[in-house]
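There are 2 protein chains.
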Amino acid sequence: MPTPDANPLAIPAPARPGQPRDQIDTPSLVLDMAVFERNLDRMQAAARAAGVALRPHAKAHKCPDIALAQTARGAVGICCQKVTEAIPFINAGITDIHISNEVAGAGKAALLASLARHARLSVCVDAAEQVEELARAVGHADTRLDVLVEVDIGQQRCGVTDTGAALCLAEQITRHDRLSFRGLQAYHGGMQHLRGHAARRDAAAQAAARTAGYVAALEAAGMHCAVVTGGGTGSVEFDLRSGVYTEIQPGSYVFMDADYGSNETAGGPAAMRFEHALFIATTVMSTASASRVVLDAGLKSMAVDSGLPWIWQDGKRSATLGYMAANDEHGIVQPLPGNSRSVLPPLGAGVLLVPGHCDPTLNLYDTLVTVRGEAVEALWPILARGLSR
Amino acid sequence: MPTPDANPLAIPAPARPGQPRDQIDTPSLVLDMAVFERNLDRMQAAARAAGVALRPHAKAHKCPDIALAQTARGAVGICCQKVTEAIPFINAGITDIHISNEVAGAGKAALLASLARHARLSVCVDAAEQVEELARAVGHADTRLDVLVEVDIGQQRCGVTDTGAALCLAEQITRHDRLSFRGLQAYHGGMQHLRGHAARRDAAAQAAARTAGYVAALEAAGMHCAVVTGGGTGSVEFDLRSGVYTEIQPGSYVFMDADYGSNETAGGPAAMRFEHALFIATTVMSTASASRVVLDAGLKSMAVDSGLPWIWQDGKRSATLGYMAANDEHGIVQPLPGNSRSVLPPLGAGVLLVPGHCDPTLNLYDTLVTVRGEAVEALWPILARGLSR
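So the sequence lines, in the order shown, correspond to chains A and B.
When we follow my numbering, the leftmost residue of the first sequence carries the number 1, and every step to the right adds one.
When we follow my numbering, the leftmost residue of the second sequence carries the number 1, and every step to the right adds one.
In isolation and in its complexed conformation, chain A is listed as follows (with noise of 0.2 Å):
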């Protein structure tokens, strides 16, 4: 290990509160607060009209602050989907977490019972070893986990696949003092991408037939569901009104990624629609071709999975330029089909980019940048980015 300078040289913060927005160093990622909080009212009073409870995804922004704001609404907690994740935000006050995924291995149970001395925390199971493996882990730990059965409704991942086996997985962990069967975990993570407003609706529909399919067997023999989550940002208008669905945990709806904003949303003042929240400030850093600029952000300040990243000018997605490729850290820009060069930004100049996937995205950055109007406002350390373990 390098020997530590005794006055280390400091990364410079990517922004100052006060400061004009366009003075934010670049590539850095920036919250817009008043499209934030509409979105957040927005899910939040969807799920008061439904007398069912928001328990939103904190992996999709890693960060407390964010997590404080969506508790102070009325969410009854939040989901995390790695113990390791949990930690910043049990540090700084959320008192109930759901571990929305099955945990591998003795030491992240261990880690998950130690944890839960500071919060009220749930999991998930689609095996009978890792029941076990909990129950071990909490009687060392002299402590208390809910459990919750993973029911596979359609996504193909994880999740028991009848409902013989959920029901065998919730009799066993009600066999053990220390755990608390709570009921099942019903997502279906594809459906959400699904691009037809009717197209979602329908694979609601399906998933939430097989989750009440579910419900009802394990009622049926006498083990209540006292929740039943699921949900995601493209599917929970649906979920919200299937009767079916205790709790949701959607993610995306705080920032709005260029995927979920390519999915259809109905007409009529009953649409649940979400606006892009979330960009990357950059700056046009070569103009030496005439073909093209390039930006300073690429593979490294976004993710790429889900595709490249919208150009974002006057509000809305940019008729007139595209971002084409990404290099580790470079972006090419040019004009779209039917424009001329004339449309590229100059050297210099800023670039809002409204990112493809926000979940890996957000997992780039230590730091969000809060703007409200034209000036920042604050920076939010996202604490559990990285926190994948």
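Simulated from the structure, these hints should not be mistaken for laboratory data.
There is no bait here: all hints are sound.
Pair ranges (Cβ atoms, derived):
1. B/Glu264 / A/Val343: 37 to 45 Å
2. A/Ala205 / B/Gly338: 34 to 42 Å
3. B/Gly338 / A/Ala216: 37 to 45 Å
4. A/Ala128 / B/Ala266: 48 to 56 Å
Here's a subset of chain B near chain A, in silico, CB distances under 8 Å, partners left out:
5. Leu9
6. Asp25
7. Lys59
8. Asn91
9. Leu111
10. Glu129
11. Asp152
12. Val160
13. Ser286
14. Ser301
15. Pro360
16. Gly386
17. Arg389
It should be emphasised that the depicted structure is a prediction, and the values quoted were computed from it without experimental measurement.
Glycine included, C-beta positions come from ideal geometry on N, C-alpha and C.
Using the hints, position chain B against chain A.
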């Protein structure tokens, strides 16, 4: 901002030195030291034999311990791609750093000029405005910078596109006392990943010929190019023999990812081959389905821009198992065609992956767990992780 706890819960380390490697918490990034050292020695020996300087690219590893291992073997310094990225390396005692990129804006130029108090720094330009901005910055900071003109030799990204523009910039640099014109950067990223050995050889020859044309034009005008820097892991075997480059700047050879592993290498004793030294240690977290298992590592633990990871078994790419899909925190593993479900690993089993693209994968982790043989040797902090400004 949340009120900080007086005694916040800490994030457990991924491993302890001396521990067996199969006890590393997952997902974690693991470096096999014996292979790593062979890769470093092989590249340094090739550069030395060719009489060309080796300046490895630190954007690949972002880890001062690795930079020190490179300079200890004879590397003349390192490349960084961003100004903030250089800071942890300066703190660790690296004294010669080339920013192999243009910098955008007065703030970054000022930071770069101030860092020049602590190390010899060079930077690229491809526009007159950049030269003037650098000149103002070193004037204010009372420091000096070496400046290289970046030329486009086929990458179609940054860099001037004709010899006249290159000459103009070189002459402009020499008009500023605190800036020194050092030569050219000529890098072609795209050709690094051409799969066929002959295709890469031909592309490298074409790139070297273009570079030689720029050098000749500048030298003819009296502008001496003391440094001609470029080359990457896929092209260095040709670049070293080209007679054009005074310096190579490969990065990925340290690790070798699945993308570079897919390049064909030549046969014979002269072939430059590098071995896979970097792995993601993962665990099977769900086996609820008969047709697949689920790993605990997805998009937040690896970059997938250059393809999904390989599963690594018995010192080579698995012929029976494939990593088929990455969700945010999950990886789906299935038998490859022709194999039955009996090849699937059991719940809790460890699975090693070779990431598709090393640079953005390193950028996701805070710690590199180094192993020698079957034991953990050290935890190396990836201190430039996330420093993309």
